[in-house]
Amino acid sequence: MVTVDMPQVGDIWSWLEAVPDPEIPVISVVDLGVVRDVAWQDDKLQITITPTYSGCPAMSVIAMDIETELLKRGINKLEIKTRIAPVWTTDWLSEKGLAKLEEYGIAPPQAAGEPERCPNCKSSSVEKISQFGSTPCKAQWRCKECLEPFDYFKCI
Amino acid sequence: MNALFEFLLRQGDNVLVLGHRTSEWCGTAPALEEDIALANTALDLIGQTKLWLEYAAEVEGEGRSANDLAFLRDAYDFRNVLMLETPNEDYGRTLMRQFLFDAFQVHWLTALTDSKDSRISEIAMKSVKEAQYHLERSRDTIIALGDGTELSNKKMQAALDYLWPYAREIMLVDDVDEAMHKDGIAPLPSEILAPWDALVKSTMRDAYLTIPDSNFVHKGGRTGQRHTEHLGHMLATMQVLQRSYPGATW
Ligand SMILES: [Zn+2]
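Chain order of the listed sequences is D and B. For the first sequence, my numbering gives the first residue as 1218, with consecutive numbering after it. For the second sequence, my numbering gives the first residue as 1096, with consecutive numbering after it.
Just to be clear, a hint being listed does not mean it is correct.
[What the hints assert, rightly or not] In silico BS3-like pairs for lysine-lysine, Cα to Cα no more than 27 Å straight-line: (1) D:LYS1298 to B:LYS1296; (2) B:LYS1249 to D:LYS1371; (3) D:LYS1371 to B:LYS1145; (4) D:LYS1317 to D:LYS1371; (5) D:LYS1298 to B:LYS1145.
[As the list claims (entries may be wrong)] Some, not all, of what chain D presents toward chain B, calculated at C-beta under 8 Å: (6) ALA1256; (7) TRP1257; (8) TYR1270; (9) ALA1302; (10) SER1347; (11) PHE1349; (12) GLY1350; (13) ILE1373.
[What the hints assert, rightly or not] Take a look, some chain B residues computed to stay more than 10 Å from chain D by CB distance: (14) LEU1140; (15) GLY1142; (16) GLU1225; (17) TYR1228; (18) ILE1280; (19) THR1305.
Since the hints were derived computationally from the structure, they do not count as laboratory data. Even for Gly, the Cβ is constructed at its ideal location relative to N, Cα and C.
Sequences are here, hints too, so could you generate the full structure?
Here you go:
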């Protein structure tokens, strides 16, 4: 009889914490809320991910990065499934992820739909430059105090 | 005829054709911010296309993929409304087209979230958030340009005059719609007319633009009966790689 080494689901979640988002590498795919489920189906590991935006080009890279990380940990029977419901929302960003975003210079999403303050000098005097930004999940804003432009993580 | 397949093609082809048209601005928009906004809007639309056409391919059950449907069908097999295949022409017409579509799409997708078909309701829930974001921008921009300079107002009025006869094809009803309605899969598109009309009227009023006094509607796109000559030209560009190198992957 072959003993299959099946790591605990909790350990796998913590390993995924080390997989960075390809476009915002300061936060992990877990912080971003795109990993929805980790479960063993017999001896096969099933990971369920969800896209932030339906056209997000990072999804295939995220799936590949997860696979690479888990292969390194010795998991080679792996299936990554994509599902769209329930729909991803910025509410799924972790507290840790929100803090890291701001530290990195990206204003975290706010329910009010506007950044609370400039991630650079913390002034609340900010203005919108464009509703869209360098990736589908961001918009461009500018600080009227320090005059620095910055990314704002759109709230959806 | 498989009514559900037809219905799904209509949904997918609308966002595919508008998504491709919008992407034609990439690198040439009037300002960097607008270039980025248009490219991101196009990206959302192409992402939504994938969701619709993947389901369409499954429902058809002929072994075709979403990519096959997008890149290997000819113009007469497309089911998008005519307005979305009209050339970009200028920035005003591009934005007006986007607004007239967004104003429908937000109400339509909201209604589809209640579909008895859970896959359709999931796609609608995912897409409607993006459509709302697009509408916010297209509506604001229409108003800013309509209520801008004399020249920008003139261009936006010309765009509205040109697109108006195309705008309501998307709310016409035929056998496919009746079948979807009967099965609880979708409301009749004509049910969207009242909220669409109200939104378009209030927006045009705020933008100082006049809605043409005509009820004429160009049709034939969503049934596939007759597309404009523009669609074939657009597909020639969009499909060139798969046509020249069949099955190419990278
Ligand atoms: Zn600042």
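How the hints compare with the structure:
1. D:LYS1298 to B:LYS1296: Answer violated: LYS1298 of chain D to LYS1296 of chain B is near 44 Å, above 27 Å.
2. B:LYS1249 to D:LYS1371: violated, 33 Å
3. D:LYS1371 to B:LYS1145: Distance ~23 Å between LYS1371 of chain D and LYS1145 of chain B Cα, so the pair holds.
4. D:LYS1317 to D:LYS1371: holds, 16 Å
5. D:LYS1298 to B:LYS1145: holds, 16 Å
6. ALA1256: Check failed: Cβ of ALA1256 of chain D comes no nearer than 20 Å to chain B, outside 8 Å.
7. TRP1257: violated, 25 Å
8. TYR1270: The hint holds - TYR1270 of chain D has a Cβ within 8 Å of chain B, the shortest such distance being about 6 Å.
9. ALA1302: The hint holds - ALA1302 of chain D has a Cβ within 8 Å of chain B, the shortest such distance being about 4 Å.
10. SER1347: Holds: closest Cβ of chain B sits about 4 Å from SER1347 of chain D, inside 8 Å.
11. PHE1349: OK, holds: PHE1349 of chain D within 8 Å of chain B, min 4 Å.
12. GLY1350: holds, 7 Å
13. ILE1373: Interface hint status for ILE1373 of chain D: holds (5 Å vs cutoff 8 Å).
14. LEU1140: Incorrect as stated: the minimum Cβ-Cβ distance to chain D is 7 Å, not above 10 Å.
15. GLY1142: violated, 3 Å
16. GLU1225: violated, 6 Å
17. TYR1228: With a cut-off of 10 Å, TYR1228 of chain B comes too close to chain D, as the shortest Cβ separation is near 7 Å.
18. ILE1280: Consistent with the label, ILE1280 of chain B stays out of reach of chain D, its closest Cβ about 17 Å off (over 10 Å).
19. THR1305: holds, 27 Å
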